[in-house]
Each structure stands twice: as C-alpha cells, then as structure tokens.
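Trainee: Sequence:
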Amino acid sequence: MKGNKLMPGSHNPSSPDQMESINFIIIPKHLLSSLSPEIDPDIPIPCEKKLENRPFSPADLSMEAIIAGMIRVLIYQPDHKHSDYYAKLVKSLRPGIKDEFTTAGITKAKLGDFPVAIEVFQGLRRLFPDCPNTALNLALVLESSARESKNDQEKTDKFLEMAHKAYRDAFELDQEMPEILLNFGYFLLEQQNYEKAAQLLTSFLEHEKDEKKHASVKKMLDSLKDSLKLDTLFKESYDNIMMGKEQEGIDKIRTVLAKNPDFWNGWFLLGWGNRRLGLYPEAKEAFLKALDFEDSNPDLLNELAISCMELGDFEESIDYLGRALKVEPGNTKVMCNLGIVRLKMNETDEAIHIFKAVLDFSPDDPIAKKYLEILEKK
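If you're matching positions, the sequence shown starts at 1 in the numbering used here and goes up one per residue.
These are calculated hints, taken from the structure and not from any lab test.
Please note that the accuracy of each hint is not assured.
Computed Cβ-Cβ distance ranges for the label pairs, DEER-style [stated by the list, open to error]:
| no. | residue 1 | residue 2 | range |
| --- | --- | --- | --- |
| 1 | Glu-376 | Asp-239 | 36 to 44 Å |
| 2 | Lys-370 | Pro-261 | 35 to 43 Å |
| 3 | Glu-315 | Ala-215 | 21 to 29 Å |
| 4 | Lys-326 | Thr-348 | 19 to 27 Å |
| 5 | Gln-77 | His-207 | 36 to 44 Å |
| 6 | Glu-236 | Asp-319 | 28 to 36 Å |
| 7 | Glu-236 | Gly-330 | 30 to 38 Å |
| 8 | Glu-285 | Leu-111 | 32 to 40 Å |
| 9 | Lys-150 | Leu-205 | 51 to 59 Å |
| 10 | Pro-78 | Gly-330 | 45 to 53 Å |
Source: prediction; values computed, not measured.
Ideal Cβ placement from N, Cα and C applies to all residues, glycine included.
Work out the full structure: start from the sequences and follow the hints.
Mentor: Right, dumping it as structure tokens:
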C-alpha cells in the first residue's frame, strides 16, 4: 500500500497493542465522493494514523489509510462485527490486492523481513480465507521465522505452532495440491511426525505430474518408510519381551540391528531379552555393544552390571554400577544391585550399609527392606 505498510510484530505477544494506530471514524457524506461512494456512511471506518504519537488528524484520511486500517482490524480483531463488510470493501476498493500483497509478502520474506511478510499474509488470509495458496504462503513464512528465531526457544515454538496450523488450514482447503503436500510433509518430517509426513509425501508422488520432482522425494520416502518399518519392529520387540515372549522379541530386534547396527537401543533390547532368558553371556555381549554407542546411560550400565554379576564377574559389575551412580547418584535400583553384588562377595556389612542408604532415599523400597530383614535375622 503506497505510503502505508502493515506494522511488523503482529506475531510477537510482547509487542504493543497492534490497534493503537487505528481510529474508527464516521466519514462525513460530503467527503465520500472524494474517497469512494462504496463506503457506508453509517458504519465506523477504521483509519490508520500516519504518526502514532499524535492524535488523529483529518490529514490522515486517505484511501490508503482506510484500507490499511480495515486490514489491521481483520488481522487483530477478526470477530469484529463489521469484519465481513471491511473485507468486502477492501476487495472492492483494491481489486488487485491479492496479487499485489502476495508479491509484496514474498519479496519481504526473501529480504528476511519476516514480521512484515507474516502480517501481509495474515491480512490476505482474512481477505481470502478459501485460498489454499495464501494459507501455504503464510505457513512457509512462519516456518522461516521459526528458523530465524532458533536462539529464542519460546519464539521458535510459537512460530512452529502457528506454521503447523497454517499448513493444516492449507491442507484442509486443498488435499491434492502438490506444493502443500510437499512442504507440509517436509515440515512434519522436521517435527519428527514421521507417519503423517510419509502419508503426505506419498500423496505428493500421486498428484505431482512432473517426474523430475519425483526422484529425490521418492528416495527420501523409501528411506523413511524403511525407518518406520524398523521402528514398528523395535516397538513390537519391546512389547514381546515385556509380555514374556522374549524369543520373538529377540528375533525381531535382530532384524532391526541387521539394518541399523549402530542403533544402541536395539543392542540394549537384545541384551535385555537374553538377560531375561538367563542367557547371560549373550546378554553381556549385547550390552557391551550398546556401550560402544552410548556409554553414560544408567539403565544400560545397570543391566550390564546384572549380567556381569550373574556370570560371577563381581568387580566388573561393581565398576559398571559405580559408573551408573556417577550419572544418577540417587538411583535406588542401581544402589540395590550394588548391595546385592556386595552380598554375593560376602561383604555383608557393606551390603547392609548400602541397603540402609537406599532407605534414606526411598523409605519404602521393597528390595532394600527385604534384604535388610533377611540379613538382620542372621
């Protein structure tokens, strides 16, 4: 808009009231002919002041100021009782505003002026709520703003939330538009919503006619689908082991590890399944492999220590339990296992001391209470 532009900062909750620059006025009938006969003289018209630090002046009254004021109301007071009238009037007064603002918004975004770009596309969304391209453009600018604000987590989260909504709005308006499917799919991929991302990108391949655009997306999608299959196998393996079907779980996790040998959680699960079956050498081997990729996880160190203990490698077990307690000093599960190892080494006094320390952290710990009761009867 010549001489006026939408104020930046619409997306920032801490910015001043975005309506401070707006005055609602009744335009005298004798001025309508010089402005527009389409303006209803009985409806207050929002007009943007040229300068915010002074009262409204008749000199502020211009078609550009009126259009800017109406758009600002549409953005910041969408439930205003005259919002439908304002939207209709803006489109009537500026029939080319959609193309004009779209070009302006894209230009601002390319220049990195995201606050103004966001406000421009927010205005277009109010004027053209059924336009999927406008919703997509808003989503893209909001996503870019999130990247720009990566050093401010609160702002980043806010922009991502707004971008997600804008993408959903665009998708609801057109579920077959390739640009929406592709960009929304990649957005969800970055948010680690892999299943929904895969659905959208699969749909993109179905609706995009340009075969040249297919190759990179198909390659990435194939990799994503393989990862999703492995993720499903991992979850099934965990469930199998939890339900006492250890061998089924072990078979599934071996399939996962064959495809992804650097997956420490997979080695952990393999060790856990073998440990539950009493296959301690195999369990220890798997836990040690997991330790190659993750050397400070207390649960892993604890499970490895249990396997060592069952194999009679007490000193090794104590070492791993000690490492776990350095990571998580108040872990009573690890402390109890340390007490049990000391007991197996016939260090009864040290075991009692450890079990009592457990009760200092957790007075109702059943394992510590059980062992202390047994030891005190001797």
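Trainee: Let me make sure I understand: some of the numbered hints might not hold for this structure. Which ones are they, in numerical order?
Mentor: 3, 8 and 9
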